[in-house]
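Asker: Those protein sequence lines, which keep their order, are chains A and B.
So the first sequence is residues 1 to 121, counted in our numbering.
So the second sequence is residues 122 to 305, counted in our numbering.
It should be emphasised that the hints constitute simulated quantities derived from the structure, not laboratory data.
Just so it is clear, CB atoms sit at the ideal spot from N, CA and C, and this is done for glycine as well.
Please note: incorrect hints may appear among the correct ones.
[Stated by the list, open to error] Derived DSS-like pairs (lysine-lysine); straight-line CA-CA distance at most 30 Å:
id: 1; chain 1: A; residue 1: Lys8; chain 2: A; residue 2: Lys52
id: 2; chain 1: A; residue 1: Lys2; chain 2: B; residue 2: Lys257
id: 3; chain 1: B; residue 1: Lys271; chain 2: A; residue 2: Lys2
[As the list claims (entries may be wrong)] Distance windows between CB atoms, simulated:
id: 4; chain 1: A; residue 1: Ser3; chain 2: B; residue 2: Pro232; range: 22 to 32 Å
id: 5; chain 1: B; residue 1: Ser174; chain 2: A; residue 2: Glu98; range: 36 to 46 Å
id: 6; chain 1: B; residue 1: Glu201; chain 2: A; residue 2: Pro44; range: 21 to 31 Å
id: 7; chain 1: A; residue 1: Lys8; chain 2: B; residue 2: Ser174; range: 41 to 51 Å
id: 8; chain 1: A; residue 1: Asp6; chain 2: B; residue 2: Asn260; range: 24 to 34 Å
id: 9; chain 1: A; residue 1: Ser16; chain 2: B; residue 2: Ile262; range: 16 to 26 Å
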Amino acid sequence: MKSLDDLKKIRDAAQSKVNMRGKNDGMRVLVGMATCGISAGARPVMNTFVEKIAENNIEKVTVTPVGCIGECAIEPIVEILEGDIRTTYCRVDVEAAERIVKEHIIGGKVVLDYVIGKYRL
Amino acid sequence: MNELSLHILDICQNSIKANADLIEITITENIDKNIFMIEITDNGHGMSKLTLSEVSDPFFTTRTTRKVGLGVSLFKMAAEMANGSCVLSSIVDIGTKVTAIFEHNHLDRAPLGAIEDSINILILNEREIEILYTHKYNNQIYIFDTREVKKVLDGIPFTDYNVIMWIKNNIKEGIKMIQEEESR
Ligand SMILES: Nc1ncnc2c1ncn2[C@@H]1O[C@H](COP(=O)(O)OP(=O)(O)OP(=O)(O)O)[C@@H](O)[C@H]1O
Ligand SMILES: [Mg+2]
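Chain A with its partners taken away, still in its complex shape (with noise of 0.2 Å):
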């Protein structure tokens, strides 16, 4: 098990190579956490976009839990804010969020396979 020492090595080493981000100025990705969410699969699709992002060293991109945003019937719902732009994502699984992540976030092209409204809902 790695204990609180190796905790320790791992802070040092992030403290020497701190750059600072500010919490919300940039990218935001917001996953539908509620009980709908939840069952349609939002927990590992959060995870893989915390675990691809910070892999990447992604800077400035923030995920976020949040509440229902609604739609229960076509969860996991991904929103991904950039200014006053807004994208909704919807029936995201694992594989759709890595392609997320490496086309949208990473290559700045909506994955319009995942789009709500125009191609899917």
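Once you have looked at the hints, place chain B with the ligands on chain A.
Answerer: Chain B with the ligands only, in chain A's frame:
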């Protein structure tokens, strides 16, 4: 929901909605007494007697009113399926406690599952909340406390990749260790 840790994540969302900033999750596994117990205690705004009676009313599960949700009812159903029960107690402005008891070896008792994934999501909540996770397995005990972790982290965020991996490993291995220790 096929893992108890998913129910726990869901029940904790109620605590977050109630503005709690400390959630205590306690799992008690007692093999001799055939008990698997989950206690979730928060310091949120609590519920009035009326709300409490409505939430606990099983007939409310069939309703589709907005006010009455599914989370508590589903958790209750999961407990009852494993020959157990789920009760809520609450005091306005003090907090709420949800206690669910299951028969440990019941075929319909869902496994705990990836509790480390649930805790990780709670930690990343926008409004910071502290989590005290205690897992008892017979006489062994494992404790994870975000306040303790924060003290060590000294400002390094929970979103750091290595920190995330450390937390998940610590919880997963910590639980495994107490179970192995006991069966020795
Ligand atoms: N920890 C708590 N503190 C305060 N109020 C609570 C708490 N847990 C439940 N409640 C009250 O009970 C109601 C029903 O909870 P329940 O989890 O069953 O449904 P919900 O949270 O409203 O919706 P859903 O869980 O389906 O997303 C809540 O809306 C809230 O008013
Ligand atoms: Mg709920």
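Asker: Which earlier hints turn out false for this structure, listed by number in ascending order?
Answerer: When the structure is compared with the hints, only number 9 turns out to be violated.
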